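All chains should be modelled from the sequences, with the hints used to inform the complete structure.
2 protein chains.
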Amino acid sequence: MKRKVHVQGSRDDIRVPFAEVELSGGNPPVRLYDTSGPLNDPPTGLPPLRAPWIAARSGDHGGERTQLYYARQGIITPEMEFVAIREGVDPSLVRDEIAAGRAILPNNVNHPESEPMVIGSRFLVKVNANIGTSAVSSGVEEEVAKLTWATKWGADTVMDLSTGKHIHATREAIVRNSPVPIGTVPIYQALEKVGGDPLKLTWEAYRDTVIEQAEQGVDYMTVHAGVLLRYVPMTVGRVTGIVSRGGSIMAAWCLARHEENFLYTHFAELCEIFARYDVAFSLGDGLRPGSIADANDEAQLAELRTLGELTKVAWEHDVQVMIEGPGHVPMHKIKENVDLQMEWCHEAPFYTLGPLTTDVAPAYDHITSAIGAAMIAMYGTAMLCYVTPKEHLGLPNRDDVKAGVIAYKIAAHAADLAKGHPGAQAWDDALSKARFEFRWEDQFNLAMDPDTARSYHDETLPASAAKTAHFCSMCGPKFCSMKISQSLSLEMQAKSEEFVASGGQVYLPVVS
Amino acid sequence: MKRKVHVQGSRDDIRVPFAEVELSGGNPPVRLYDTSGPLNDPPTGLPPLRAPWIAARSGDHGGERTQLYYARQGIITPEMEFVAIREGVDPSLVRDEIAAGRAILPNNVNHPESEPMVIGSRFLVKVNANIGTSAVSSGVEEEVAKLTWATKWGADTVMDLSTGKHIHATREAIVRNSPVPIGTVPIYQALEKVGGDPLKLTWEAYRDTVIEQAEQGVDYMTVHAGVLLRYVPMTVGRVTGIVSRGGSIMAAWCLARHEENFLYTHFAELCEIFARYDVAFSLGDGLRPGSIADANDEAQLAELRTLGELTKVAWEHDVQVMIEGPGHVPMHKIKENVDLQMEWCHEAPFYTLGPLTTDVAPAYDHITSAIGAAMIAMYGTAMLCYVTPKEHLGLPNRDDVKAGVIAYKIAAHAADLAKGHPGAQAWDDALSKARFEFRWEDQFNLAMDPDTARSYHDETLPASAAKTAHFCSMCGPKFCSMKISQSLSLEMQAKSEEFVASGGQVYLPVVS
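For the protein sequence lines, the chains are E and X, in the order given.
Okay, so the first sequence: first residue is 27 according to the working numbering, each after it adds one.
Okay, so the second sequence: first residue is 27 according to the working numbering, each after it adds one.
Check the hints yourself; a few may be wrong.
Identical copies carry no separate label here, and so any pair may be met within one copy or between two of them.
Stated by the list, open to error - Derived BS3-like pairs: lysine-lysine, alpha-carbon spacing no greater than 30 Å straight-line:
(1) K493 with K361
(2) K359 with K338
(3) K359 with K445
(4) K191 with K359
(5) K178 with K191
(6) K28 with K445
(7) K191 with K219
(8) K493 with K445
No wet-lab data here; the hints were simulated from the structure.
Predicted model, so just to flag it, every value in this text is computed and none were measured.
Quick look at the structure:
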């Protein structure tokens, strides 16, 4: 069975959730990272667990300060302790990584419902799930259900990318019910406010939108401040032009007015707003490649350099920063992307969409991109933005959200293993041991998706007796290698000793 | 629309199939590699297209010779010319790679129905699909249907892993209806013949089974000749012991009788049989790791060295060889696997199962392993054995076969792109161009799975008018980046020229 447990920190109100899987046969339980939150149903708002921590700090100096500020002061906040317990690392590592800008802890002071988490290459690889309405599909209740569904399956953050009507109300419902940090792209709502015409966008309309969203509790915001006027012509020769929504909007604005991007020219003012709420920047890659042909091109790399410049400006304001990345990249160009981002953006956490490693499989882009995501995370990307099977085709529904989250949790965990994250392999070992010992129920309960694993097994062998059988329908009873191997095990140990004692000379040369 | 076309070679009866996708808007058609065969329905046996080539050679010397033999003589056979056209390479490259042992062209002289294909790291990465009955599931018709289904979606070879009753009849139906090479693991049938008891296995029973299968037309056979007695004790400390069915059977035999593996001691005799029919060896990795914990361990690597030794013996008999590989391997250990295989097995083609990059996601192992498969293929693996969502849980059904084949075709194509295979990217470019130009029908027809791509799009926008719309339900009409980007395109070109002429000095410094 899987159940939620809490580990208490240095104070009563630091209670870190884990999913504990109890195992049979005297095997010790396994504790897994848990993003599902308090799970109140129906959704009526989560308890504000961080409120006392925020209030206590606010009293110190009459205003809010960011986690980056405290880390730089050498202070370990309750949030930092929380994530240290969650990650199984020392709290000083969390503080030091945040202080160096290599990790962020997104947590708007107006989103006290969130359970703290950290994004940085020294920590577990995280997964973001995008949800949100579009003008032609979905409603508020449906989006809150997707949020709960996404965090149930392991989404570490959720971005609300709503466009169309009811943006404010949708976001309010999402933030109040979210145990994970919420990200947004404010330009979408700003554009709605000016009637959908990019040319009517102004800094003032944008600024007011950012303040509105920060007041609601949005934890990080994508800002396409690196789409500079002089970079736009670099996209003319591309196969797929500009594929970031925000990027295309800002490019249209710059080009039509022949003015520099107002997000760039007003960036310092934006930093001041972000600092007040501890909103983190997710510096958007508005010129990311949308096809294999456009990967790692001049436009993308020019913008990346600018994002590095903006990172330093944000850090001067104690504002936390991560950097968004592609997109569509063939496997052999993935490492270069990470290396350049690390160098040019001063090791600020990288947050990538996929990347998709081929363009030819619409309807399977959770897979084309899980390949790229696993690799880019192995090379150091801190958070992966999921891609669902509906990418390029339509708005994801509930099933698509689950498929996307699971594909990306697989990519993230594969990268944790490859990076040698302490404790990551214990999960694999526990499941494989259960598999070898035919503890079927333990296998299902340890699986990333117990429901589907159990139902696939039961398709051919539904009887409860099959749950203790030493085979499954794949090979049948006579050809189960694990059964044969297991029965050999005792014999082998005896033979092994005998064999070593005899000098190991049984080897016969090949007859030819 | 997609339709089958044939390209004729130097003689009338060399007709190489392609799937040609016709595009709208004056765009040139795209030709894709096609494995689907003549597609006769109901299955009543395919035409023996290679029969005249085989007969002509047989007349030369009163017996059969292998493709490796001819390649070493400097001869380009019709089969080699066929695959050269199929791959878009020079026939001499095919001949030279086969002659060097770096590629194989599996084609039993008794399977004249097969369309020639090549397996080697200089060619397109191939995908194998496993089908076959087990004692508790499936029948002959169902397996033939899976064969046709697998090749429709792109399987380059199919292995019939049937166990239980009707093995001979199942295989006969599969070989006679297969346009792709068929592989088997003869030990399964040999074991059935001795009543299922590994200890009763004999060289004679095995040899007779191999001859029976070679007579039927099996193109390559997995032989676990590298599981030596002295390696078996190396598996005692493993988390998952021996997970290869054939490996566990041979280990049981060796250990119980305390004799060396008869496949190893009789390997030269086996080569003589294989040479008579031009059956290729797929040297089995009976000690492959079955969990992350066991990857790249002593047992696996000891066996790999022996497979290298056996490769040279097979080559002395002009028999074609490929080498099977793992299994379960974390990402950071994948490259080492390929590098050692290349070195120790003299660059014979590598043929790997996955590898799965984590153990924790049963029901999603087509994804855990597509990640590893794409990477291992990028590093030089020539053929990937698919894994379906049912891996570890049950026998795959029709849907699982499709899910496995598509995940692996994605991995293979991603690797072709990463390796820079000539012509691979043309497919991606054509699809991305169609996407950018809102040619929805062209996108669907170019997709690896047109049916699913179309149905996902139509879930939210079923009207035929949506097939020409400049947006989809994902972002809706106002937020379609491609629409905005496309409308910018002409303007950008004009602005770009103006901008360059003005000296590119529009850049404004950040206001801070």
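Status of each hint after checking the structure:
For a Cα distance limit of 30 Å, the shortest separation of K493 from K361 qualifies neither inside one copy, at 44 Å, nor across copies, at 37 Å. Only within a single protomer do K359 and K338 lie at most 30 Å apart by alpha-carbon distance; the minimum there is 26 Å, versus 36 Å between protomers. With identical chains, the CA atoms of K359 and K445 are at most 30 Å apart both within one copy (19 Å) and between copies (11 Å). Within a single copy, K191 and K359 get their C-alpha atoms no closer than 39 Å, and across copies no closer than 50 Å, so neither meets the 30 Å cut-off.
Taking CA atoms no more than 30 Å apart as the test, K178 paired with K191 passes inside one copy only; the shortest distance there is 27 Å, against 44 Å between copies. Taking the closest pair of Cα atoms, K28 and K445 come within 30 Å of each other only inside a single copy of the chain (27 Å); across copies the shortest separation is 44 Å, beyond that limit. For a Cα distance limit of 30 Å, the shortest separation of K191 from K219 inside one copy, 10 Å, qualifies, whereas the shortest one across copies, 70 Å, does not. Taking CA atoms no more than 30 Å apart as the test, K493 paired with K445 passes in neither setting, with 35 Å inside one copy and 44 Å between copies.
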